[in-house]
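Using the sequences and the hints given, assemble the complete structure.
2 protein chains.
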Amino acid sequence: MSVRSIRLMSSLAVIGAATALMSAVPTPVRADEGMWTFDNFPIQVVNDKYGTHIDQAWLDRVRGAAVRLRGCSASFVSGEGLILTNHHCVVGCVQDLSTAENDYVKNGWMPGVREEEATCPGQTAEVLTDIIDVTDRVLGAGAGLEGAAFNAARTSVTEAIQQENCAGDPKLTCQVISFYRGGRYALYKFRKYDDVRLVFAPEFQAAFFGGDPDNFNFPRYALDVGFLRAYEDGKPVETPNHLTWNPNPPAEGDVTFVAGNPGSTSRLLTMSQLERLRDQSLPIQLIQTSELRGRLLEYSTSGEEAKRVALDPIFGLENRFKVYYGQSGALTDPAFMAQKREEEADLRQQVAADPALMQRIGDPWADLARTQIAARDLFLPYYQLEARAGGGSTLYSYARSIVRAAKDQARPVEQRRMSAAAIAALNRRLAGEVPISNDLEEIYLSFWLSKTREYLTVDNDQVKALLGRESPEALAERLVSGTRVGDPAFRQWALARTPAQLAEADPLLAFVLANDDAAKAIDDQWSAAVEAPTALAAERVAQARFAAYGSNLYPDATFSLRLSYGQVKGWTYRGVTVPAFTYIGGLYERATGSEPFNAAQGFLDAEQQVNKDTVYDFVSTNDIVGGNSGSPVINAAGEVIGAAFDGNIHSLGGSYGYDGTLNRSVTVSTAAITEVLRNVYHQPQLLDELGVD
Amino acid sequence: MSVRSIRLMSSLAVIGAATALMSAVPTPVRADEGMWTFDNFPIQVVNDKYGTHIDQAWLDRVRGAAVRLRGCSASFVSGEGLILTNHHCVVGCVQDLSTAENDYVKNGWMPGVREEEATCPGQTAEVLTDIIDVTDRVLGAGAGLEGAAFNAARTSVTEAIQQENCAGDPKLTCQVISFYRGGRYALYKFRKYDDVRLVFAPEFQAAFFGGDPDNFNFPRYALDVGFLRAYEDGKPVETPNHLTWNPNPPAEGDVTFVAGNPGSTSRLLTMSQLERLRDQSLPIQLIQTSELRGRLLEYSTSGEEAKRVALDPIFGLENRFKVYYGQSGALTDPAFMAQKREEEADLRQQVAADPALMQRIGDPWADLARTQIAARDLFLPYYQLEARAGGGSTLYSYARSIVRAAKDQARPVEQRRMSAAAIAALNRRLAGEVPISNDLEEIYLSFWLSKTREYLTVDNDQVKALLGRESPEALAERLVSGTRVGDPAFRQWALARTPAQLAEADPLLAFVLANDDAAKAIDDQWSAAVEAPTALAAERVAQARFAAYGSNLYPDATFSLRLSYGQVKGWTYRGVTVPAFTYIGGLYERATGSEPFNAAQGFLDAEQQVNKDTVYDFVSTNDIVGGNSGSPVINAAGEVIGAAFDGNIHSLGGSYGYDGTLNRSVTVSTAAITEVLRNVYHQPQLLDELGVD
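Protein sequence lines correspond, in order, to chains E and G. Residues 21 to 713 (the working numbering) are what the first sequence spells out, left to right. Residues 21 to 713 (the working numbering) are what the second sequence spells out, left to right.
Keep in mind that the hints were calculated from the coordinates and are not lab data. Please note: incorrect hints may appear among the correct ones.
A pair holds if it fits inside one copy or across any two, identical chains being indistinguishable in the list.
To be verified - Calculated cross-link-like contacts (lysine-lysine; reagent style DSS-like; alpha-carbon spacing at most 27 Å):
#1 Lys191 to Lys255
#2 Lys126 to Lys69
#3 Lys484 to Lys632
#4 Lys484 to Lys209
#5 Lys427 to Lys632
#6 Lys69 to Lys632
#7 Lys342 to Lys327
This is how it looks when you write it as structure tokens:
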């Protein structure tokens, strides 16, 4: 079984794509809102509201225990490098360690002795050690320049700063991060561990109980926990600065902090931008994701092998669908939109009342409204021909990379955009063995082709060029069955060839090549007519916010370490009140025996031993998003009381704004983890390491 | 091949469901807008604008030649009862007349001699002969009453009027129709012919060339034409009052009239109603239709039989999808919504300026806004548990009818809602043999169950009751494989049984019965909290319109005879200009040989004979919607120049408002029909009857 649960995991690709829209935070900052950087946390606000005694030392301890994984968050929870995170952040590793004989995904990974802890391929653990303000240097490097020269200067100074601070030391990561849409730049310096081993993972069905129906919902009965350990020189890393494990559950109303790496938010979009997302981008994505979901679900009923290969793509699709649905839910909520409208009106009024400011920033709202007209016109061709080209086909994605590299290398040296290093990296990617299902590839390609014809119409020139005289189904079948791009050796061979050679060598490469100029043209149009003016205008909106509200703001999420605060609290929606806690006993009541509501075998076996009154999962008002998966949930004393693994459906509106009455984080409690380590999975050595007797 | 193309056909079920939202027309009436009744046609406006000489005699002639079919429109085009309509309005008949040896759907129906014209089962042709105002009598019957007594009095007077005017004469149809949301009532009296025979139908692939990709699009190359003939006493009916056949195409800018029966529009919804449709109803329908479409499309690839049984449901789904998509396109168009907002503001201002009027109608806009809050809360349970219950399953639909009848009959006689006649009608329906695919039934039921769980969540009491401990897939499989409801004899047997007997007799009946009280409860809630207050408020909005704008308004569509006017004209959208005409030669250029762009065999064979310069299809600004399929398109001289068969994608916004710059009707020209009857299908006798040499 290949599994990739993504819920609150962050995709770096997504983050990259969204940066053009990043911006600062709306105001006034309401209760418990905010993904605060550790150097600008509202200590006094929190202490006043919750009667806590947070101070800089408390913050430093938490920061030093927080761990960034690939796409996830985590924390040290013992002095010997033990890392707490989510099961869905380690399941890829569990899969990698599984064999035909030992299905650790199904049965869990629990060697019980440290010698058998096994390295997770590709995983790293990074601890933020320093935050250094480099705003002046970065801004100074671009001053007076524009266009390509400006971009080059910025890139150059960023690389220089990173190089100076980490210079070649493989134990360090240095990253210059933009905050507040370029309002501030900071160097984030990390201590990096690249031998990260798997310590414990429960059975998949324990971690993902409830499957898609329960995903982004609550009440919840998921043991979404996994333990890793950082090693160096073959030995566990010493981590005296770790979070103390508190095996007791919080009470309703208790204050909670979440330290982690939220991936991406877009809370400063203007009304015209939000309306276009609501009216066009999200509906198209919801509709197309739904039809593809239907195709894959039906395909998966056609046999055991079909079910197996479709499982992972279906998880991914259903997760994406819910994210879009939750985002759409916020933008179609009259109250949510009224609040956004009010905030925008307030900011515009403040600008209008300050002639100097108005003179400086102009009217970016009007500029963005005009940009939406262009975006509405260009979105469908851009989406179909460029952004979603290939429809998720792995073969297509390889083919496009090869074609674009060949076109780049065919240019005079001074006009090439891909460095030798980039070509080498691509070569390594192309060399990787990746399982490919021709059935799925045909579904992806024919779906994409038929939707492109449907949305751009039969009479569109690009559609005519794509299809020629073939049907989407026949063309997809011909390309998939005829291409050799599925073979790593062929891919590497192809990377060294000219466009003409590619066109001759392979039908899929020929197809991509024949349509690539048109795709690049629409990409350029989108970039010029939408992205560029959006970035310029959004920067001016951000300046207006700083001018109007000062610096007591949190920046949009950028997969960098943040701290949110809140409290344990249920919520009420449409007359239904959802309590803050679930208990282990509820799992047995919810379990029907039918997938995905079949309890894991370990839990069934232990029903008489386990304490059913133990708090299982709980919700809190903490403001988190994708990327926060695995984040430690921390009490006022700085002890860890759980691992955040999900948000409720309303939290997905957190992409655009935080609503404290509805947004909730979902956490698996240390109380439950302790109980199951003791009475379900029998891991005394782990309990001992966690300091639990 | 079972085929049901529905495009502009009207579903009476849909009409019935939509009546609660029907209302009068927005103002100011813009260019070419309106579905006018024949007793209130804006003669002077049209004559002034187009230099025509329309008068009452012209209108009477057109009315007398216009024919209403089941769900479609048509017209007499010879003195011997020959009827012009669309292929997709007769394809069900073609299917009924086909045998294993003779597939007339594929090959066309063209006997060439009158003796072989064959009766279309269930088809009728109705010609409107009288319009009698009965407003006072209907309104008087309800005066002073309310609730059930009011409804009973209205029903009783309606039935009395119909009975008095048509009393038992099988050659007449009498129907009291509500216009302007109850502002006016009229008796429509029809001459009815119930022996309607099939004269000519081209090959399916000629009529439906381009399939779903071209549906609701233009340029178009579809020969969507069929001929019927009305018979009486075994002889063709004499129809001296028919439209003269003009074999010449119109020119760009020529005036065009369309006489037919638009099914249903909702142009007077208030902004709060439109916004809820945009934000909730349409997205849910688009999303769910898309996923089901994906399931059926993938299922249809699993084999020849699967392809065959899924063809008709996929056509239906794809057509519905496009209708929702087009409607959504209007409601997410900033300009369209701005126009609607302006119209509403104007009307409200006029009311505000007239204290007496304001006193009389109050603030129905505020009432409707409040009602939307209730509707947003109730919509998902209502949609999942009642409106879409069963997800399209035929077995479920039968089972629910049987269960509801049994529950009704179990009541004391005086509390029953179903009359003996209604039970008898249900019995006839249950007795009918209908092909049922168990595969599709399982897809429908499991899809519905899984979406109900997804949208109402696992923790909803009704969801728990529906699923028990089973998965959606297992439950659907158990119900479909175990039920005998697919057997007409069993259905009739079941109709005479008590609820307890049903629960014991059959798993599907037991399932429906067990969940029916909850479904009825949410239906009652929806009715009380949404439908009732909506009807009351909408009536007051209609009164405000009459008061503000007088009677020079057209009523919303009610599948009653209307006349629209317009002109032959292309359109421009997002920089792309679409010309008004296509030519037969274009078919050969568009044909790729790949479904659905494979030209019909007749056209391929005749490529050298047919005149490729003949106008094929054309668009005009006429304001039509579903139900208008087959409507004669008429020139200023009262001659028929085509049969309307579709609208462009923008015309689907016509449900909510007419935009003359974009909305277009799509018509197959008499020029093309004449040409293909001559040089493709070789039908000299038909040409002769049409008066073409």
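- Task: Return the numbers of the hints above that this structure violates; sort them in rising order.
- Result: Violated hints: 2, 4, 5 and 6; rest satisfied.
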